[in-house]
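Numbering (the UniProt record's numbering), first residue to last: 1 to 1003.
Please note: incorrect hints may appear among the correct ones.
No more than 25 angstroms apart at the CA atoms, straight line, and that leaves these computed lysine-lysine pairs for PhoX-like [unchecked claim]:
id: 1; residue 1: K310; residue 2: K325
id: 2; residue 1: K128; residue 2: K70
id: 3; residue 1: K191; residue 2: K330
id: 4; residue 1: K718; residue 2: K702
Read the hints as simulated data drawn from the structure, not as lab findings.
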Amino acid sequence: MELVVGASEATMKSLLGKLGGLLAQEYSLIRGVRGDIQYISDELASMQAFLRDLSSAPEGQDNRMKDWMKQIRDMAYDCEDCIDDFAHRLPNEPVVSDFTCSWIVIGIYELWTWWPRREIASKIVDLKVRAQQIAERRSRYGVNNPDHNTSNRPGVRAATYDIAEHQVAARQLIGMKEPVGVATDMDKLEKWLSKTDPNERAVLSIVGFGGVGKTTIATALYRNVRNEFECRASVTVSQNYDQDAVMRSILNQVMPQDTDQKQQGSEPGTPEDKTLVAQIRKKLNRVVLPLIQIHRQQCNDGSSDVKPIKIETMDHDELVNELKKQLADKRYLLLIDDIWSAKTWESIRICLPEENNRGSRIIVTSRFQAVGATCSPNDKIDLLHTADFLTGDESKRLFVQGVSESKSSKNNEIVQNHVPEEIWKICGGLPLAIVTMAGLVACNPSKHSDDWKKVCKSLFPEPVTSLTLDGVTRILDCCYNDLPADLKTCSLYLSIFPKGWKISRKRLTRRWIAEGFVSEKQGLTEEEVAETYFNQLTRRKIIRPVEHGSNGKVKTFQVHDMVLEYIVSKSNEENFITVVGGHWMMPAPSNKVRRLSMQSSGSKSGNSTKGMNLSQVRSLTIFGSLNQLPFHSFNNAIIQVLDLEGWKGLKEKHLKDICNMLVLKYLGLRRTEIAKIPSKIEKLEYLEALDIRETNVRELPKAVGQLKRISSILGGNKNPRKGLRLSQEKSKDPRKSMLPQEKSKDGMKALRVLSGIEIIGESTAVAGLHQLTGLRKFAIYKLSINKDGDTFKELRSSIEYLGSCGLQTLAINDEGSDFINSLDTMSAPPRYLIALELSGMLERPPQWMSKLHMLNKLTLSLTVLRTDTLELICALPSLFSLTFSLNAVNLDEDTQEILEKNKEQSDGEIFVPGGFPSLKLLRFFAPLVPKLGFSDNAMPSLEMIDMRFCAFEGLLGIDTLENLKEVHLRVNDQADEATKFFVDDLKNNGHGLKVIVDHVVTA
């Protein structure tokens, strides 16, 4: 059915709850208005039931129905605005225990609030009249009840949605999948790109119809040959692009890494090469380590004379000059995706070095043959490649692959046996359409062959040889209309994000919750329900994973350009989300803007909100380098979602306006330049999520402790390890502490995530951790406390107690406190842990780790990489990823001795025993990786080994790892000759594995 069904029902659900709360208030309502509110509530409840029926009705509703539904939606928005205004223009109702004077207090309250209550009562009366008119208009213009006759339905529809089926998605890794049907072309193009003869810069243009796989081919090529170039970058351009933003993105990717955690060499040799070992040890102790200490001291005291380049503050000329400087004498590889015009290519070309005889390569993609020919004009140097549609056999192979990826285990056989060949033939060989239909089929396992034939016939009555844009839209319509109402709303919400944007899964699901699109159901929390919605959209191929985290869950994802274009146009048509700027050239909305996404673009006028009614904006999101925001145009009393992630224009004055957004639920300030959160944040009593990661905020005001609905506090910066300091001063008033004090009865019970904390020295606030009984994730980025102090004991006690209350994720980076070594003394293991990270000088892993049967992600310091540690955890049934890491700044002589001792205990080689039944990812992030040997039955499910190092001593027995597919080696440019020998040997003798070597250049 129409998009607005899901959107309106989500609005209704939120509104009806607020109406019920309003009716429960005893004194706030003007006499006579209570009946009007009850009428509105009943009328909207009936409309919501009507919408539910409509969502399961067949397609083909007329324009009268669409218009009537829009009226319902607009009225619901206005009702919610009115209620929010009502709730925050009035003080709290009086609570009087003494009956004798209650009538005096109530009288004063009613007199004091008479005028605002009168204004709101007038609005409620108007809304009642509107509700009556909408109901009458339906009868007057013949808007009929939905027809549930399914005998002649032209499409498919999910009649029910079993949320439990999608609660747990299969944990997996993003592998290096090659595009289907282009093996020969890929081989030819890779050889062309890899030519090493010095010559001029050359351009490969890949052109073809939208959805034919241009970006997939280009990305695979970029990934396969990138390590043969000194530097590389990948960017998306599109129709309406911001040139400076593109230049900044390229510059950020091609510049050398600047980090205070450079990985240094250690003993990389074999037992036979004692001379080389001694040389490396001497180099490490006498040269490298002192340099690290000097560099670290300079970073800490600010005495360094080297000033980092501020790319974000550069103007256009500075960007161009710096980019030419960085690329001038290097062999570089650029991927520039989705160029729409020759003018766009020319504006990018002139920003690159004019002369480069190092054999650099540029890959461009475009939908237009003429544009591709302009980008690759020289037949002797450049190359123009046309991406073609798939053949019948290739289409079938891609379709089966798509179904397999989207299936649940119980429906695989049903799907394979009940799908006619017409289902992929109607896609005309277009990969996008094939994959989308595969997702639709996989999510409808009960449909039989005849059902799918009817779907094909309704979509394309005539045989299809190749698809047009209209044909693609029909297929997308069919797949979208099959979504349940809640999922329609969630998929519409994707239109907020720019084209080509890598979207964070957690960012999206937290915003769904704040917008009211997700509610508890079937015994699941809001977070768990949001997870199931995301899993379902993934299975249906509406979104495509880009990166999986080490826990196997999707970390970031993208929406295909044509799918996003479809969603954006429908969302704009229904006034669900308004996009300003960005890649889309959309007409200005004629109605009030409800959700606003402001995106930077090449056109200054394209960023303007001039002429728009912003007084009812409830959600505001900023992308890119916009200069200013029209804060004065917003109604602070109704904004619920404010996401300014990455906006460099945020100032302290804006925070004052933000603190007046009284119904704000989601506040995203990540990667902004703010340094302080004002104490007036306590006014945001509805705030649920606060994201201040990668900012300059080092301490939260104690007023944060007043936020009783806060569920997520995200702060700090993982690299370098900086966090939010817990207060070190004891507050006389427990209500004014950032965390509840030990004896406080009014703790932050709703808090589920507390991430990015820094605890240094004695901190009385640590005692308040006992009160956070709802905590599910606790991450300490920096810990440095006295072993004999009270904080040490209180922190261990708190972690032990929270572990018994349901703590699921625990991460501690201990910088010399010896705290992580004390965890083994806890009386009971944190039995509910699914993720554990212990970084620092860990001497011995906690023995209770062997009892963590739900654990799927484990990160330990490299200092406990021993055979006995692997034996301790090898039987964990759910362990998906295992990481051993070590910060380079901790690589001192004592650490080296520990690592040497670990190897000596295993006769010079760390032995991996049998076990690890579910492990798929094994990672080592450290200055050196010692020699590892795998037993015959070790890690039967292992798919990927990922290493980042400066020194490496080799892997033995990897040929016994039957499911191993890829080995990633990220080698520091300071690696010694012995390490390079081991890397080359593994790459050339990898037993058929994909061995990807990435040489990292550091500043």
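Going through the hints against the structure:
1. This hinted pair checks out: K310 and K325 have alpha carbons roughly 15 angstroms apart, not beyond 25 angstroms.
2. Between K128 and K70 the alpha-carbon distance is near 17 angstroms, which keeps this suggested pair within the 25 angstroms criterion.
3. The hinted pair formed by K191 and K330 meets the criterion: a straight-line CA distance of about 20 angstroms does not exceed 25 angstroms.
4. The straight-line distance between the Cα atoms of K718 and K702 is roughly 23 angstroms, inside the 25 angstroms bound, and the hint therefore holds.
In summary, the structure agrees with every hint in the numbered list given earlier.
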